[in-house]
Structures are given as structure tokens and as C-alpha cells.
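Trainee: Listed here are the chains, written in short residue letters.
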Amino acid sequence: KAGVTQTPRYLIKTRGQQVTLSCSPISGHRSVSWYQQTPGQGLQFLFEYFSETQRNKGNFPGRFSGRQFSNSRSEMNVSTLELGDSALYLCASSLGAGQDSYEQYFGPGTRLTVT
Amino acid sequence: KNQVEQSPQSLIILEGKNCTLQCNYTVSPFSNLRWYKQDTGRGPVSLTIMTFSENTKSNGRYTATLDADTKQSSLHITASQLSDSASYICVVTTLSSYKLIFGSGTRLLVRP
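Protein sequences, first through last, are from chains F and X.
If you're matching positions, the first sequence starts at 5 in our numbering and goes up one per residue.
If you're matching positions, the second sequence starts at 11 in our numbering and goes up one per residue.
Read the hints as simulated data drawn from the structure, not as lab findings.
Think of the CB as a built atom: it goes at the ideal place given N, C-alpha and C, for glycine as much as any other residue.
You can trust all of the hints, since none of them are fake.
Listed below are several chain F residues computed to face chain X (Cβ distance under 7 Å; list not exhaustive):
{"#": "1", "residue": "GLY46"}
{"#": "2", "residue": "LEU47"}
{"#": "3", "residue": "PHE49"}
{"#": "4", "residue": "ASN60"}
{"#": "5", "residue": "LEU94"}
{"#": "6", "residue": "GLU107"}
{"#": "7", "residue": "PHE110"}
{"#": "8", "residue": "GLY111"}
{"#": "9", "residue": "PRO112"}
{"#": "10", "residue": "GLY113"}
Just the calculated beta-carbon pair ranges, DEER-fashion:
{"#": "11", "chain 1": "F", "residue 1": "SER26", "chain 2": "X", "residue 2": "ARG52", "range": "14 to 22 Å"}
{"#": "12", "chain 1": "F", "residue 1": "SER26", "chain 2": "X", "residue 2": "ASN65", "range": "33 to 41 Å"}
{"#": "13", "chain 1": "X", "residue 1": "ALA89", "chain 2": "F", "residue 2": "ILE16", "range": "36 to 44 Å"}
Please model the entire structure based on the sequences and the hints provided.
Mentor: Structure (C-alpha cells):
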């Protein structure tokens with residue numbers, strides 16, 4: 005069974021630009037969550053999608069948005085990039101949503117560098 | 011404020027020794043508590059997941075305990091191996107809003 009895949013793996017963007025990251029969950033998984041990881045802040049929850057609906061959202065500005073498609077694949081978009089957006093963006097998939105205690109499987113991440 | 015605090019921040023042990031990592035949380039009520047292992051440059055891998063009614067869960071040489079009364083959890087690693095060198099992250103899911111609250115992690119280094 006293929007694991008969670010994220011594309012691209014590495015990305016370099018300039019301040020002010022926008023970026024779209026993609027996540028393909030494990031087959032059969034309906035929940036996709038996104039996280040930002042930086043050395044200073046650690047892992048921070050961005051949002052969770054379940055059956056194409058945003059189920060939960062972390063404390064990030066509106067520049068961060070996402071969506072989920074009918075095949076459970078998800079995309080995350082960051083507009084008007086800032087230097088502080090440089091981070092490892094992780095995607096995780098699970099059969100169900102968090103409260104149901106389903107195990108989350110993380111992808112390898114997309115390393116975004118903003119210059 | 012919902013918080014998850016882990017200690018120690020970093021730890022160095024010799025191969026073959028045991029160690030215990032701590033996680034204290036103020037999240038209440040909570041849905042579940044998870045421990046993850048994250049190797050450098052990789053995504054976290056789930057080690058254990060416990061609901062509020064469970065007080066221990068094992069996964070090979072990893073054993074997690076949970077005391078919901080004192081709001082403490084620990085991860086015990088037995089007979090450490092070099093491959094245990096990683097960051098260990100404690101995560102608590104809130105029951106009210108289903109948000110995940112992450113600890114800052116403990117960086118473990120196992121030396122030969």
C-alpha cells in the first residue's frame with residue numbers, strides 16, 4: 005500500500021508570490037491534515053479536511069488556505085509569501101477524523117524556502 | 011490556555027540503556043494523546059495513541075503511560091538502539107474543537 009505522497013518535495017519562492025502544495029493520502033483514507041514545522045515553533049496545525057469539508061482550522065492567517073477533492077487528495081495554498089513562511093509543510097492522512105482516535109500517517113513533507 | 015509541555019528538551023543516553031520522556035498537558039477535556047517519533051528530515055511516525063480511558067499502550071520497545079488525573083504522560087524506551095535517535099513529540103487532541111496541540115518535542119541521541 006503506497007504511503008502519503010507530497011509534491012513537490014522542495015520549493016524556492018520569492019516574497020509576495022503564492023504557492024500550492026499537493027498531498028495524496030493513503031488509499032481509502034478520507035481525512036487529510038496539514039502542518040507547518042519550523043525550528044522555532046515546532047509543529048503547528050494548519051487545517052484538517054474530511055470528506056471535502058474543512059473540519060478544523062489552526063491559528064494561521066487567511067493567506068493559508070486549502071481544499072480537498074472528491075478523491076481525498078488535498079492542496080494547500082499560501083498567498084503573498086513572507087520570509088517567515090519558510091518551513092517544512094507536512095501532510096497527514098487518516099481513515100477518520102481526530103476525535104475518533106484514528107492513527108495519522110505523515111508524508112515526507114515539502115520544504116518551502118522563501119527568499 | 012491549552013498547552014503541552016515536554017521534558018527534557020534533549021537527552022543523550024548510551025546504547026542499551028532505558029530512558030523516559032515526559033509530557034505534561036493542560037488540555038481539558040481531551041480526546042486522545044499521541045506520541046510520535048520524527049527522524050531528521052522525515053515526517054513523524056505514530057508510536058502510540060491513547061484515549062482518556064487508557065493508561066498504558068505498548069509498541070515494541072516503546073511504552074506510553076497516561077495519568078488523566080495528573081494530566082501527565084510518559085514514553086519509556088527500553089534497551090535503546092542507535093536508531094532511536096530522533097525527536098519524540100507528544101500531541102493532545104482537544105475534545106471540544108478537535109484541535110491538535112503539539113509539544114515542542116524531546117530530542118534523543120543514543121550513543122554507541
